[in-house]
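Trainee: Sequence:
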Amino acid sequence: MNGTCQPGDNFLLQPIWAAIRSHEDLLLSKIFPTCFVFFAHLVACLYFILLDFMAPHVPCLWHYKLSSQDSRNTKALWECLWKTASNQVMCVPSVSLLCTYLHPQRLPDKAPSCFCLAFEVVQCLLLFDALYFCCHFLLHRVPYLYQKVHSVHHQYQETFALVAQYSSPWDAVILQMTAFFCTVLLHCHPLSEMSFHLLNIWLSVEVHSGYDFPWASHRMVPLGLLGGAPFHNLHHQQFKCNYAPYFTHWDRLFQTFVQTSKKQI
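In the numbering used here, the protein residues as written are 1153 to 1417.
It is possible that part of the hints are untrue.
[To be verified] Cβ-Cβ distance ranges computed for the label pairs, FRET-style:
1. 1181 - 1293: 37 to 47 Å
2. 1376 - 1294: 25 to 35 Å
3. 1182 - 1350: 15 to 25 Å
4. 1237 - 1375: 34 to 44 Å
5. 1231 - 1188: 39 to 49 Å
6. 1208 - 1372: 20 to 30 Å
7. 1366 - 1260: 15 to 25 Å
8. 1211 - 1371: 12 to 22 Å
9. 1257 - 1296: 37 to 47 Å
10. 1351 - 1376: 15 to 25 Å
11. 1261 - 1375: 19 to 29 Å
[Unchecked claim] Calculated lysine-lysine pairs in the DSBU-like style (CA-CA distance at most 30 Å, straight line):
12. 1300 - 1182
13. 1227 - 1300
14. 1392 - 1300
15. 1392 - 1262
16. 1182 - 1262
Keep in mind the hints are simulated off the structure, nothing from the lab. Quick caveat: nothing in here was measured; it's all calculated off a predicted structure. Ideal Cβ positions, reconstructed from N, Cα and C, are used throughout, including at glycine.
Could you put together the complete structure from these sequences and hints?
Mentor: Here is the structure:
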């Protein structure tokens, strides 16, 4: 195994990994990564879509919405869903190429230790945040790139869960290739890689959800390290601030960080 840490005491994760590894042919197929991302995204979105339809009738849910606008727009939901699905089709060639030349052709027998998995996931998350901050900054600061690549994603100033992957095909390819490149560069164990992608998808959906719950990820992580939905919602409204997808340190360092209050409208 070429991972960033050795398997170690893996008895907790070994049964899980053995069950996953029994589907090795599926996991190593060229279309699995994009299908995995798409369906994981839908499952994460479903939670917030249900909340969107419940919130107008449940005051305690409405209280945590960042906007006073009603998110129950069936046409917009279908538009975002169709755009996301078509973008995933566009991602298949690039991701397949990456998998062919850079991914292992056989899965390792041993699972990582819990520490190793957590360490690799955090590494990937920090690297992805740094790389996408740079890409995102350029997409906004270079007018041609913004118009041709990124402007589609900003058609919705008031975000909801499915907006997370509502973008142009090129934007989707950049986003997905950046995420996969992180796991390849850090030589992650496949179980760590899958865990990172699941967490990455959840955080992406959460920051676009339009909700600021007390149990949200940015509330659970101390010191304001994560910006969460309020941080990213303001980016969709003001455009030239809060470029990082999750963490706040890059925007603080480059003085593009803008603090936000709960209600934007």
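Trainee: If a hint holds in the structure, say so; if it doesn't, say that too.
Mentor: Hints, verified against the model:
no.	hint	in the structure
1	1181 - 1293: 37 to 47 Å	holds, 38 Å
2	1376 - 1294: 25 to 35 Å	holds, 29 Å
3	1182 - 1350: 15 to 25 Å	holds, 20 Å
4	1237 - 1375: 34 to 44 Å	holds, 38 Å
5	1231 - 1188: 39 to 49 Å	violated, 23 Å
6	1208 - 1372: 20 to 30 Å	holds, 27 Å
7	1366 - 1260: 15 to 25 Å	violated, 39 Å
8	1211 - 1371: 12 to 22 Å	holds, 20 Å
9	1257 - 1296: 37 to 47 Å	holds, 39 Å
10	1351 - 1376: 15 to 25 Å	holds, 19 Å
11	1261 - 1375: 19 to 29 Å	violated, 39 Å
12	1300 - 1182	holds, 28 Å
13	1227 - 1300	holds, 24 Å
14	1392 - 1300	holds, 17 Å
15	1392 - 1262	violated, 45 Å
16	1182 - 1262	holds, 23 Å
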